[in-house]
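Model the full assembly from the supplied sequences, consistent with the hints where possible.
Residue numbers (this note's numbering): 1 to 169.
No lab work stands behind these hints: they were computed from the structure. For each residue, glycine too, the CB sits at the ideal point set by N, CA and C. Any given hint could be a false lead.
What the hints assert, rightly or not - If you anchor each label on the Cβ, the simulated ranges turn out as follows:
1. Trp27 to Gly67: 28 to 38 angstroms
2. Leu13 to Arg166: 12 to 22 angstroms
3. Phe22 to Phe59: 13 to 23 angstroms
4. Leu26 to Thr55: 16 to 26 angstroms
5. Arg166 to Glu34: 39 to 49 angstroms
6. Leu138 to Phe59: 33 to 43 angstroms
7. Trp140 to Ala23: 13 to 23 angstroms
8. Glu34 to Phe59: 28 to 38 angstroms
9. Met56 to Ser33: 31 to 41 angstroms
10. Arg32 to Ile70: 27 to 37 angstroms
11. Gly67 to Gln91: 29 to 39 angstroms
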Amino acid sequence: MTGASSAAWLARLVIFAGILAFALVLWLQFARSEQPCSMCVYQRLADIAVMVIVTMGFFWQGGIRRGLWILAALYALAGAALAGWQWHLTQMATARVDTCASVQVFQGSPALGGWGKAFAATLSGHGSCALAGTRTLLGWPVTHWSIAFFLGCAVILLIAQHLLGRARS
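If you want it as C-alpha cells, here you go:
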C-alpha cells in the first residue's frame, strides 16, 4: 500500500468514526433523553466540521489536501479542548453552575415539518454543561469519550497528511 492510499484509508477512518460518534450522541439524545448542553452542541459542530473538511480533501490533491486535513485536525483539537473545558466544569463547578448559555444554531422550519424540528433539536443546547459532563457511557464520562475521539482524529489526520507528504517526495 502506498503512502497516498494509506493516507486516504486513514481519512476514511476519521469520517467513519465521526459518523459513528454523531450517531451515538443522537442516540443518547433521542433514545436516552439526554439533552445536550451548549458545549455538547459545539462539539457536534466540531465533529461535523472535521467530517466535511476531510471529505473536501478527497476532491483535491497534493498541498491543498494536506492543508485541509491539517485544518480538520485543528478542528478536532478544538473539539477536544471544548470537551476538556466541559470536563473542567464538571469537576470544578458542578455545585455552582446551574445553567450555561443555551444555544440555538438552527431554527426549525414549519416547511420541513417534523424533520426540521428534529434537526433543530439536534443542534440546540439546553441545561447545565457541568451536569451534562457527568453523564457516563460504558462506565466512562461522555466528556472523556469525546476528548479521546477528537484527539484520536487529530492524530490520525496528522499521520495521514505526513504520509501524503512522504508520498509526494
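Okay, the hints, checked on the actual structure:
1. Trp27 to Gly67: 28 to 38 angstroms: holds (34 angstroms)
2. Leu13 to Arg166: 12 to 22 angstroms: holds (18 angstroms)
3. Phe22 to Phe59: 13 to 23 angstroms: holds (21 angstroms)
4. Leu26 to Thr55: 16 to 26 angstroms: For threonine 55 against leucine 26, whose Cβ atoms are near 19 angstroms apart, the range 16 to 26 angstroms holds.
5. Arg166 to Glu34: 39 to 49 angstroms: holds (43 angstroms)
6. Leu138 to Phe59: 33 to 43 angstroms: Holds, since leucine 138 and phenylalanine 59 (Cβ atoms, about 36 angstroms apart) stay within the stated range.
7. Trp140 to Ala23: 13 to 23 angstroms: For tryptophan 140 and alanine 23 the Cβ distance comes to about 18 angstroms; the hint holds.
8. Glu34 to Phe59: 28 to 38 angstroms: 36 angstroms Cβ-Cβ, so the 28 to 38 angstroms window holds.
9. Met56 to Ser33: 31 to 41 angstroms: At roughly 34 angstroms between Cβ atoms, serine 33 and methionine 56 fall inside 31 to 41 angstroms, so the hint holds.
10. Arg32 to Ile70: 27 to 37 angstroms: holds (35 angstroms)
11. Gly67 to Gln91: 29 to 39 angstroms: Given about 36 angstroms between the Cβ atoms, the range holds.
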